[in-house]
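Q: Top to bottom, those sequences are chains A and Y. Going by UniProt numbering, the first residue of the first sequence is number 1, and it counts up by one from there. Going by UniProt numbering, the first residue of the second sequence is number 1, and it counts up by one from there.
Because the hints were derived from the structure by calculation, they are not lab data. Built from N, CA and C at the ideal position, the CB exists for glycine as well. Fair warning: there could be bad hints in the mix.
Not close to chain Y: a few residues of chain A, all C-beta gaps over 12 Å, as computed [to be verified]:
id: 1; residue: Thr3
id: 2; residue: Asp242
id: 3; residue: Glu246
id: 4; residue: Ala252
id: 5; residue: Glu306
id: 6; residue: Glu444
id: 7; residue: Ala616
id: 8; residue: Ala673
id: 9; residue: Ala706
Derived list of chain Y stretches under chain A, where covered just means 3 residues or more per stretch with a C-beta under 8 Å from a C-beta of chain A [unchecked claim]:
id: 10; region: 135-146
id: 11; region: 176-189
Using 30 Å as the maximum straight-line C-alpha spacing, the simulated BS3-like pairs for lysine-lysine come out as follows [stated by the list, open to error]:
id: 12; chain 1: Y; residue 1: Lys27; chain 2: A; residue 2: Lys334
id: 13; chain 1: A; residue 1: Lys445; chain 2: A; residue 2: Lys334
id: 14; chain 1: A; residue 1: Lys719; chain 2: Y; residue 2: Lys109
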Amino acid sequence: MTTEPEITEEIIAAHGIKPDEYANILRILNRDPNFTELGIFSAMWNEHCSYKSSKKWLRTLPTEGPQVICGPGENAGIVDIGDGQCIVFKMESHNHPSYIEPYQGAATGVGGILRDVFTMGARPIAAMNSLSFGEVTHPKTKRLVHGVVEGIGGYGNCFGVPTVGGEVRFHPAYNGNCLVNAFAAGLADTDKIFYSAASGVGMPVVYLGAKTGRDGVGGATMASAEFDDTIEEKRPTVQVGDPFTEKRLMEATLELMATGAVISIQDMGAAGLTCSAVEMGDKGELGIKLNLDDVPQREENMTAYEMMLSESQERMLMVLNPDKEAEARAVFEKWDLDFAIVGETIPEDRFLIMHQGECRADLPLRALSGNAPEYDRPWVETPEAAPLADVPQIDPIDGLKGLISSPNYGAKQWVYEQYDHMVMADTVRRPGLGAGIVRVHGTEKAVAFTSDVTPRYVKANPVEGGKQAVAEAYRNLTAVGATPLATTDNMNFGNPEKPEIMGQFVGAIQGIGEAVKALDMPIVSGNVSLYNETDGTGILPTPTIGAVGLLKNLDEDLIGGEAREGHVLLLVGETGTHLGQSALLYEVFNREDGDAPHVDLTAEKKNGDFIRANRAYIRACTDISDGGLALAAFEMAEAAGVGVQIDTDETPALFGEDQARYLVACNFDQAEALMTEAGKAGVTISSVGKFVGDTVKFGGSEAPLADLAALYRSSFAEKAT
Amino acid sequence: MKAAVLVFPGSNCDRDMAVAFERAGAKVTMVWHKDTALPGDVDIVGVPGGFSFGDYLRCGAIAARSPITASLKAHAERGGYVLGVCNGFQVLTETGLLPGALMRNANLKFVCRALDLRVETSQSDFTSGYNAGDMISIPVAHHDGNYTVDDETLAKLRAEDRIAFTYDQNPNGSTADIAGVLSENRRVLGMMPHPERAVDAQHGGTDGVAMFRSLTASLETA
Numbered sequence: 001m002t003t004e005p006e007i008t009e010e011i012i013a014a015h016g017i018k019p020d021e022y023a024n025i026l027r028i029l030n031r032d033p034n035f036t037e038l039g040i041f042s043a044m045w046n047e048h049c050s051y052k053s054s055k056k057w058l059r060t061l062p063t064e065g066p067q068v069i070c071g072p073g074e075n076a077g078i079v080d081i082g083d084g085q086c087i088v089f090k091m092e093s094h095n096h097p098s099y100i101e102p103y104q105g106a107a108t109g110v111g112g113i114l115r116d117v118f119t120m121g122a123r124p125i126a127a128m129n130s131l132s133f134g135e136v137t138h139p140k141t142k143r144l145v146h147g148v149v150e151g152i153g154g155y156g157n158c159f160g161v162p163t164v165g166g167e168v169r170f171h172p173a174y175n176g177n178c179l180v181n182a183f184a185a186g187l188a189d190t191d192k193i194f195y196s197a198a199s200g201v202g203m204p205v206v207y208l209g210a211k212t213g214r215d216g217v218g219g220a221t222m223a224s225a226e227f228d229d230t231i232e233e234k235r236p237t238v239q240v241g242d243p244f245t246e247k248r249l250m251e252a253t254l255e256l257m258a259t260g261a262v263i264s265i266q267d268m269g270a271a272g273l274t275c276s277a278v279e280m281g282d283k284g285e286l287g288i289k290l291n292l293d294d295v296p297q298r299e300e301n302m303t304a305y306e307m308m309l310s311e312s313q314e315r316m317l318m319v320l321n322p323d324k325e326a327e328a329r330a331v332f333e334k335w336d337l338d339f340a341i342v343g344e345t346i347p348e349d350r351f352l353i354m355h356q357g358e359c360r361a362d363l364p365l366r367a368l369s370g371n372a373p374e375y376d377r378p379w380v381e382t383p384e385a386a387p388l389a390d391v392p393q394i395d396p397i398d399g400l401k402g403l404i405s406s407p408n409y410g411a412k413q414w415v416y417e418q419y420d421h422m423v424m425a426d427t428v429r430r431p432g433l434g435a436g437i438v439r440v441h442g443t444e445k446a447v448a449f450t451s452d453v454t455p456r457y458v459k460a461n462p463v464e465g466g467k468q469a470v471a472e473a474y475r476n477l478t479a480v481g482a483t484p485l486a487t488t489d490n491m492n493f494g495n496p497e498k499p500e501i502m503g504q505f506v507g508a509i510q511g512i513g514e515a516v517k518a519l520d521m522p523i524v525s526g527n528v529s530l531y532n533e534t535d536g537t538g539i540l541p542t543p544t545i546g547a548v549g550l551l552k553n554l555d556e557d558l559i560g561g562e563a564r565e566g567h568v569l570l571l572v573g574e575t576g577t578h579l580g581q582s583a584l585l586y587e588v589f590n591r592e593d594g595d596a597p598h599v600d601l602t603a604e605k606k607n608g609d610f611i612r613a614n615r616a617y618i619r620a621c622t623d624i625s626d627g628g629l630a631l632a633a634f635e636m637a638e639a640a641g642v643g644v645q646i647d648t649d650e651t652p653a654l655f656g657e658d659q660a661r662y663l664v665a666c667n668f669d670q671a672e673a674l675m676t677e678a679g680k681a682g683v684t685i686s687s688v689g690k691f692v693g694d695t696v697k698f699g700g701s702e703a704p705l706a707d708l709a710a711l712y713r714s715s716f717a718e719k720a721t
Numbered sequence: 001m002k003a004a005v006l007v008f009p010g011s012n013c014d015r016d017m018a019v020a021f022e023r024a025g026a027k028v029t030m031v032w033h034k035d036t037a038l039p040g041d042v043d044i045v046g047v048p049g050g051f052s053f054g055d056y057l058r059c060g061a062i063a064a065r066s067p068i069t070a071s072l073k074a075h076a077e078r079g080g081y082v083l084g085v086c087n088g089f090q091v092l093t094e095t096g097l098l099p100g101a102l103m104r105n106a107n108l109k110f111v112c113r114a115l116d117l118r119v120e121t122s123q124s125d126f127t128s129g130y131n132a133g134d135m136i137s138i139p140v141a142h143h144d145g146n147y148t149v150d151d152e153t154l155a156k157l158r159a160e161d162r163i164a165f166t167y168d169q170n171p172n173g174s175t176a177d178i179a180g181v182l183s184e185n186r187r188v189l190g191m192m193p194h195p196e197r198a199v200d201a202q203h204g205g206t207d208g209v210a211m212f213r214s215l216t217a218s219l220e221t222a
């Protein structure tokens, strides 16, 4: 029998439990916790699991709408796509593990988010990821880029989910903390969704999937800590992923659900067995008793503490309908996965952990999640940005070259070609530009996915930056003809104990809230990652928005063509003026000043509705975001392999990043029709150029498309890998 | 045409392959790897892409020892048709139904991309819908597609006109740009590119349709 360490101040601090939190534990228990109990508290009360700094603000987000089947609080959010079908989706960060061990950190991030989706009864049909790295010259960056991209590919490709979109950015603020935000979406029948709330007393609690080892013990606590120079010592807290087991676990789980054996189910993510059991008991207002002797174990002599805190991957916990035990067991034997009854539901509010005949933890279950601390952290509003200093007029082709020669704006095929984006044979629009689209198998419906944020904006102006992330997601969905449905937010910030960081968080939430309300794309799931700081330096505030849109009928709704020789180039929205925090300033002049562009949500809605209502006249469409008209027009031309001429050579008109704008390619007759419709709808539209020849021409400045395309296609691999 | 598609743990293109056969008019049965027999009247067996057994040990090596594989070999030895795509091609080299081996891509990276293939021979029921020399666009998605054979085998493959497809731009370092090879009786085809991802204009184009159509045509009249 192993003896547990005595509880000392050092041990309490090492578990990330603050003195006032420990006092709270003493009040709840009326006694000192033992070592295993302390571990359970630390797992449940750390920032990663408890959202203790963010809950107050997350509650303010709009989460409801007729299209929402399930909002935040479950493993993932669920949105209705009609015909008895729904999309289950979420985005989640795996930032800290990925910085420590990029391949496994990113891989298990993908694994975790896929599990969140299939736990609810949905087969994953699409993945995306939003990646932020330090500057390319930083000694760690290239290794992280290789490792993270290979890890995402290694897991998603083997599992068999198409990765159809994402973002990659570089900025020195991420030198000490990269961000890996993984998104997954699955398809389910609306009447076959599974939730985590346990029900029924004396029901068997079943452990499914891979065996438990010591990997990741303390991982959730690590993910809520700032980094310093001891970071290399943290590697053993990163878990190791096995996508082959996950694939089998998914198939077995979906088969099991079809048998009627599952009363409730929860995946084991951060702080595995602890979080999943408490979650199921808490939501079902039941207690849980576990006997750890029955937990399938990969290593010998594991203690109760280790088993309760292990983050071994590819595991689930389920409350079983006892009449179906034989059928359920047969499914897991077919897939050669562990299936073990490890406990039962009990009527009282109690979390009871037995191991080797002894009680190792006896805690009030509800207090573990319900009584988790909640902070109203002090915050200060981000000061208004100083006015933008003069921006010199630049030769527009030089400006464009400055953008596309940067790995931030160069083509990302080096990344997405390492991801299988076609498996399942329903990918209608591959990664590269704008939203990815996946058809709903066997139908003419399709779902569009995008992930967006411009962290420079959020830093300069958290409220407008938060709005902008949502608005850009809205536009990316709109530009392919989709109707935006709902959103997941992955909030990546620095240390919330600093009032200015907390102020960024509060501002971004306000902006996101306003935007999702105005654009009718409620938040249905999300994740918060705080303490993204190293040696006191925080990341750019990065509230990644993942959004889902619906195309009811591909033939009628999809805007999926390419520009052709002779097409007219129309600008929907106002002429560009805003250069503050722009890509041009950052990439060409090495400046990050001025305010973020402001978002007029009424104009966003009006212009988006206009695009959707006039799909029939539009051959190709793209939203205008960072890089402005110049970059958007170049990208359209490059994708189509035809030159483009823009009349203006004014820097603000070409590189301004004003919002609520789209570029449209169509023939002359269609352009006339669009002009007429725009007049009726009160939408600003103007002809800004045409697709012609084999050069890119802005006013009098010109370069061969082939040369620019070569630069655009090579800059990422050359500079970032 | 009656087709069977094998399903190993870790197969993930099994549904895609079944859909491609069905679109060409075939009746498809899915067969679990622990089964020991194929449906009796099967004309063609599809060995799908994916990561059977997680690619552990060697790609395709464990699947080549699954219970169903003995029946697969017997089917091929009887003159039955077999189409192995991607991981399925790896399984076919591991079972010895096709020569050579699929090594890790020369640049060590996974690659997913639509590529141009040259049809090297129309002399098989898989390729009779094309003309030799046709260029077709078929997607690849693999980490271990570097087809490797010794000089003697290569000479034999060439002499017997058994190279079905070659890459226009070799993505993985394969010997002689080989993308797909035929068995001696020309009834077993293994290829790294995914023809089942090229049977649908909304998805990956339609250049793979001719393969499934010509198979159906040959096997219906057989």
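Q: Now look at each hint and say whether the structure bears it out.
A: Okay, the hints, checked on the actual structure:
1. Thr3: Holds, since 39 Å exceeds 12 Å.
2. Asp242: violated, 7 Å
3. Glu246: The claim breaks: Glu246/A does not keep its Cβ more than 12 Å from every Cβ of chain Y (closest is about 10 Å).
4. Ala252: At roughly 10 Å from the nearest Cβ of chain Y, Ala252/A sits no farther out than 12 Å, so the non-interface label is violated.
5. Glu306: holds, 26 Å
6. Glu444: violated, 9 Å
7. Ala616: holds, 18 Å
8. Ala673: Ala673/A clear of chain Y: closest Cβ-Cβ about 26 Å, beyond 12 Å.
9. Ala706: Correct as stated: the minimum Cβ-Cβ distance to chain Y is 17 Å, above 12 Å.
10. 135-146: Our answer is that it holds, as 3 residues pass the Cβ test (under 8 Å) against chain A, meeting three.
11. 176-189: Not satisfied, violated; 0 residues make the cut.
12. Lys27/Y - Lys334/A: Measuring from Cα to Cα gives roughly 25 Å; hence the hint holds.
13. Lys445/A - Lys334/A: Violated, because 33 Å separates the two Cα atoms, which is more than 30 Å.
14. Lys719/A - Lys109/Y: holds, 18 Å
Consistency note: the structure conflicts with the earlier hints numbered 2, 3, 4, 6, 11 and 13.
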